[in-house]
Amino acid sequence: MKNIPPVNRQQAIHGQSPGEARLMAMVAALTSELAVTRERLDTVERLAEAAGLFTREAIENFAPAQEQAKERDGLRRRIIDRVFRPLREDARRKGESK
Amino acid sequence: MSEAHAMLPSANHDELAEQLFVRDLKVYLTEAIEPHFRERAEALDPGPASNARIETVYERLHEDETFRAWAMLRRTSQDMLWAEIADSVHRQSNDLEEAASAAPQLGSLTLDPEFEQPAYLAAGDVHLMPGGYVHDTGDVTQGAIMDRGGAVYMLGRNGGLMNDVRGHTLVSHLYTLYPDFAPADILELGCGIGASLVPVAKAFPDARVHGVDVGGSMLRYALARANHLGAAVHLSQDNAERTRFPDESFDLVFSCVLLHETSPDAISRIMEESYRLLKPGGIVAHLEVPQRYESMDLWGKIRGEIEADYNNEPNWKAAISADYGPLLASVGFKDVAVGYQAATGNPLRGEGRFTDQSEGVFRSWFVASARK
Numbered sequence: 010m011k012n013i014p015p016v017n018r019q020q021a022i023h024g025q026s027p028g029e030a031r032l033m034a035m036v037a038a039l040t041s042e043l044a045v046t047r048e049r050l051d052t053v054e055r056l057a058e059a060a061g062l063f064t065r066e067a068i069e070n071f072a073p074a075q076e077q078a079k080e081r082d083g084l085r086r087r088i089i090d091r092v093f094r095p096l097r098e099d100a101r102r103k104g105e106s107k
Numbered sequence: 604m605s606e607a608h609a610m611l612p613s614a615n616h617d618e619l620a621e622q623l624f625v626r627d628l629k630v631y632l633t634e635a636i637e638p639h640f641r642e643r644a645e646a647l648d649p650g651p652a653s654n655a656r657i658e659t660v661y662e663r664l665h666e667d668e669t670f671r672a673w674a675m676l677r678r679t680s681q682d683m684l685w686a687e688i689a690d691s692v693h694r695q696s697n698d699l700e701e702a703a704s705a706a707p708q709l710g711s712l713t714l715d716p717e718f719e720q721p722a723y724l725a726a727g728d729v730h731l732m733p734g735g736y737v738h739d740t741g742d743v744t745q746g747a748i749m750d751r752g753g754a755v756y757m758l759g760r761n762g763g764l765m766n767d768v769r770g771h772t773l774v775s776h777l778y779t780l781y782p783d784f785a786p787a788d789i790l791e792l793g794c795g796i797g798a799s800l801v802p803v804a805k806a807f808p809d810a811r812v813h814g815v816d817v818g819g820s821m822l823r824y825a826l827a828r829a830n831h832l833g834a835a836v837h838l839s840q841d842n843a844e845r846t847r848f849p850d851e852s853f854d855l856v857f858s859c860v861l862l863h864e865t866s867p868d869a870i871s872r873i874m875e876e877s878y879r880l881l882k883p884g885g886i887v888a889h890l891e892v893p894q895r896y897e898s899m900d901l902w903g904k905i906r907g908e909i910e911a912d913y914n915n916e917p918n919w920k921a922a923i924s925a926d927y928g929p930l931l932a933s934v935g936f937k938d939v940a941v942g943y944q945a946a947t948g949n950p951l952r953g954e955g956r957f958t959d960q961s962e963g964v965f966r967s968w969f970v971a972s973a974r975k
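Protein sequence lines correspond, in order, to chains U and C.
The letter at position 86 of the first sequence is residue 95 when you use this note's numbering, and the numbering goes up by one with no holes.
The letter at position 264 of the second sequence is residue 867 when you use this note's numbering, and the numbering goes up by one with no holes.
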């Protein structure tokens with residue numbers, strides 16, 4: 010993870026539990042990830058279709074090679090950190106608190 | 604719509620999709636959900652007889668978990684914007700450094716290693732931008748984050764990726780009220796990444812143009828950005844309340860949306876500093892958001908409280924409540940003008956509109972100007 014400083018003075022929403030706040034933030038991040046992925050998939054499908062590259066059936070039958078599977082692991086782990094960043098941030102604050 | 608420039612960080616396919624998502628999430632929260640809370644606020648309004656009208660409604664709204672969820676998503680959209688843009692900028696930090704080095708050397712930069720940021724900035728990162736305006740890792744990244752973030756944050760309503768309508772509008776104001784004004788020395792207080800300074804510099808190509816702000820990275824980026832855009836600007840790390848320049852150094856001292864990020868005391872000191880810095884006959888012009896507190900409706904005031912608490916805008920109320928006419932007069936200025944300048948991306952002499960009525964957010968900007 011890049012060294013981005015934490016925000017100075019971030020007020021809790023008055024009356025909201027930290028758990029509820031975290032859940033909202035995670036849902037927002039998750040929705041973003043889904044929107045980005047869907048948009049990328051749309052790009053790929055349109056380009057493939059335009060170029061006559063492959064069919065939907067070829068997607069269903071695809072099996073990644075070892076290196077490819079490793080790269081996919083990286084993608085997946087990045088998504089996990091994106092979605093659960095609010096939890097990581099809270100955990101970091103807990104860890105730093107004396 | 605203005606075009607981008609060589610220093611603006613780009614966004615790859617997925618980064619652009621992320622940034623568009625945040626933009627659309629913000630629009631959704633504002634357009635699809637916020638009107639319901641406006642209604643709710645009106646239902647909770649104890650009426651003008653109450654001596655704690657805004658406080659009461661603000662507190663009652665927070666008793667509702669749906670309101671809290673909305674407020675949290677709003678704050679989250681801002682956190683997401685900065686996190687995504689920071690990741691994107693760090694990915695291309697080497698390219699940005701190279702682009703900065705490749706810029707023609709038109710202007711200059713003076714940093715102050717002893718500089719201490721004002722207390723109101725140390726108290727919290729404005730707009731929740733991590734690290735705030737002063738964060739500096741010796742490169743241009745914080746400036747790049749601020750530039751790209753600002754453009755996304757404005758949702759394209761302030762000159763697109765150039766984010767420069769305020770600077771053009773300030774020029775339009777000068778053309779409207781001071782048609783023969785030809786400043787030789789110009790200073791912008793709180794120039795940021797130079798979004799407004801560049802259009803002012805271009806409007807007065809014979810002037811020597813200065814800008815001050817608090818952050819090293821921001822100013823380093825601003826210089827490279829202006830250099831690429833062909834504007835010679837001389838930037839220094841200074842507190843707008845007390846800059847390094849001698850008395851009577853400038854013909855024009857201006858700011859664009861600086862005051863609402865400072866403090867009530869700082870606003871007064873910035874007015875005094877503007878007066879000190881101007882030559883006799885010089886012009887001061889401070890441009891601000893077009894809302895005035897006294898004419899805001901109930902929801903406008905509640906929304907301001909939400910921004911203050913959850914988007915680190917603690918001085919918004921003081922800045923839009925201040926009576927700039929008497930304030931400018933009290934430090935010695937004469938011919939004080941206070942009103943609304945029609946927003947423009949293309950100021951033309953003889954075509955600007957300065958009136959006492961705002962035409963609305965992003966259609967007008969509030970301007971207070973005067974002569975020393």
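Misleading hints may appear alongside valid ones.
Unchecked claim - With a cut-off of at most 25 Å between alpha-carbon atoms, the simulated DMTMM-like pairs for lysine to aspartate or glutamate come out as follows:
id, chain 1, residue 1, chain 2, residue 2
1, U, LYS103, C, GLU864
2, C, LYS629, U, GLU69
3, U, LYS79, C, GLU864
4, C, LYS920, C, GLU618
5, U, LYS79, C, GLU618
6, C, LYS882, C, GLU962
7, C, LYS629, U, GLU58
8, C, LYS904, C, GLU954
9, C, LYS805, C, ASP788
10, C, LYS629, U, GLU66
11, U, LYS103, C, ASP809
Simulated from the structure, these hints should not be mistaken for lab results.
Now for the hints, and whether the structure bears them out:
no.	hint	verdict
1	U/LYS103 with C/GLU864	violated (30 Å)
2	C/LYS629 with U/GLU69	violated (36 Å)
3	U/LYS79 with C/GLU864	violated (47 Å)
4	C/LYS920 with C/GLU618	violated (35 Å)
5	U/LYS79 with C/GLU618	holds (22 Å)
6	C/LYS882 with C/GLU962	violated (33 Å)
7	C/LYS629 with U/GLU58	violated (33 Å)
8	C/LYS904 with C/GLU954	violated (33 Å)
9	C/LYS805 with C/ASP788	holds (13 Å)
10	C/LYS629 with U/GLU66	violated (38 Å)
11	U/LYS103 with C/ASP809	violated (56 Å)
The structure does not agree with the numbered hints 1, 2, 3, 4, 6, 7, 8, 10, 11 stated previously, though it agrees with the rest.
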